[in-house]
Amino acid sequence: MEKSRDLCEEAALSYLPGRISAAVRRSAALYSGIITEIRLRRECTVFICSGDKNVSCGIKATDEDIRSTVRALCGNSLYCHSETIREGYICTDGGLRAGVCGRAVTKDGQICSVNDISSVAIRIPHRVPGAADSICRVIFERGFSGLLVFSPPGVGKTTVLRELVARLSSKPYNLRIAVVDSRFEICGALGGDCTYDALSGYPRNRGIECALRTLSPQLIVCDEIGGESDASALISAKGSGVPVCASIHASTIDEILEKPFMKELVENKVFSHAAGLQRTGGEYR
Numbered sequence: 004m005e006k007s008r009d010l011c012e013e014a015a016l017s018y019l020p021g022r023i024s025a026a027v028r029r030s031a032a033l034y035s036g037i038i039t040e041i042r043l044r045r046e047c048t049v050f051i052c053s054g055d056k057n058v059s060c061g062i063k064a065t066d067e068d069i070r071s072t073v074r075a076l077c078g079n080s081l082y083c084h085s086e087t088i089r090e091g092y093i094c095t096d097g098g099l100r101a102g103v104c105g106r107a108v109t110k111d112g113q114i115c116s117v118n119d120i121s122s123v124a125i126r127i128p129h130r131v132p133g134a135a136d137s138i139c140r141v142i143f144e145r146g147f148s149g150l151l152v153f154s155p156p157g158v159g160k161t162t163v164l165r166e167l168v169a170r171l172s173s174k175p176y177n178l179r180i181a182v183v184d185s186r187f188e189i190c191g192a193l194g195g196d197c198t199y200d201a202l203s204g205y206p207r208n209r210g211i212e213c214a215l216r217t218l219s220p221q222l223i224v225c226d227e228i229g230g231e232s233d234a235s236a237l238i239s240a241k242g243s244g245v246p247v248c249a250s251i252h253a254s255t256i257d258e259i260l261e262k263p264f265m266k267e268l269v270e271n272k273v274f275s276h277a278a279g280l281q282r283t284g285g286e287y288r
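In the numbering used here, the protein residues as written are 4 to 288.
Calculated from the structure, these hints are not laboratory results. Ideal Cβ placement from N, Cα and C applies to all residues, glycine included. It cannot be assumed that every hint is accurate.
[Unchecked claim] Label pairs and their in silico Cβ distance ranges:
| # | residue 1 | residue 2 | range |
| --- | --- | --- | --- |
| 1 | 264 | 67 | 15 to 23 Å |
| 2 | 217 | 97 | 22 to 30 Å |
| 3 | 78 | 108 | 42 to 50 Å |
| 4 | 145 | 203 | 32 to 40 Å |
Turn these sequences into a full structure, and let the hints guide you.
Structure below.
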């Protein structure tokens with residue numbers, strides 16, 4: 004696990020200008036937590052994130068630092084990444100994901116392009132062994148038909164889903180798992196020891212449909228569901244007898260039920276179990 008995390012951290016550092024990479028290394032060496040993000044903002048101090056803590060690296064990112072980092076993340080081809088940049092992120096060939104923001108160009112209410120990128124947040128995926136142990140036991144309880152993991156942003160939903168894939172695709176379970184990794188986040192840091200089918204970059208509804216049609220999965224895992232199209236695909240999975248483990252942004256069950264598309268999912272009993280996460284003292288609970 005440590006090796007996988009270290010490789011992800013090294014990959015993230017490789018996209019940064021040398022002076023910023025050195026500053027991040029110095030700050031990380033003084034901080035014992037797991038680094039989850041590196042944040043660059045134009046003419047502002049660079050920060051690393053770990054749990055709920057933001058740690059200053061004591062150095063500012065210039066406009067050229069931002070441009071250089073974006074070019075490196077895109078493999079010197081911004082055009083090839085223009086579609087995801089419009090959606091607010093860049094995914095590297097190595098599976099890292101960076102959030103970006105800048106000046107949007109719109110037409111008829113739609114974003115055509117994003118220019119003048121002013122901040123970059125490189126997310127570093129990591130494993131948390133044991134994070135999904137109790138959920139794995141629940142999945143094999145009588146009557147399980149699906150799991151919804153919920154929490155506010157940044158509390159650990161994707162981390163839990165990642166551990167579910169790692170555990171359930173390995174002994175003693177050895178399930179055939181299809182991961183619909185729409186935003187290239189779940190599969191990061193899993194490494195080569197886990198066996199699963201990854202539908203990376205697929206819209207969730209199309210990825211679920213494709214998995215049902217071609218992969219004969221015993222379990223489908225996807226992140227951050229939202230909207231009627233996702234609901235329809237999840238109902239199709241339920242009708243095909245394939246349970247789904249998914250996540251959603253929400254703080255409480257009541258907040259989940261207020262979302263319009265949830266009515267159909269509840270009526271069709273897509274999820275038999277729900278797991279809410281919270282952070283206590285910087286750790287996930």
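Tested hints:
1. 264 to 67: 15 to 23 Å: 44 Å, violated
2. 217 to 97: 22 to 30 Å: 26 Å, holds
3. 78 to 108: 42 to 50 Å: 23 Å, violated
4. 145 to 203: 32 to 40 Å: Cβ of residue 145 to Cβ of residue 203: about 34 Å, so the range 32 to 40 Å holds.
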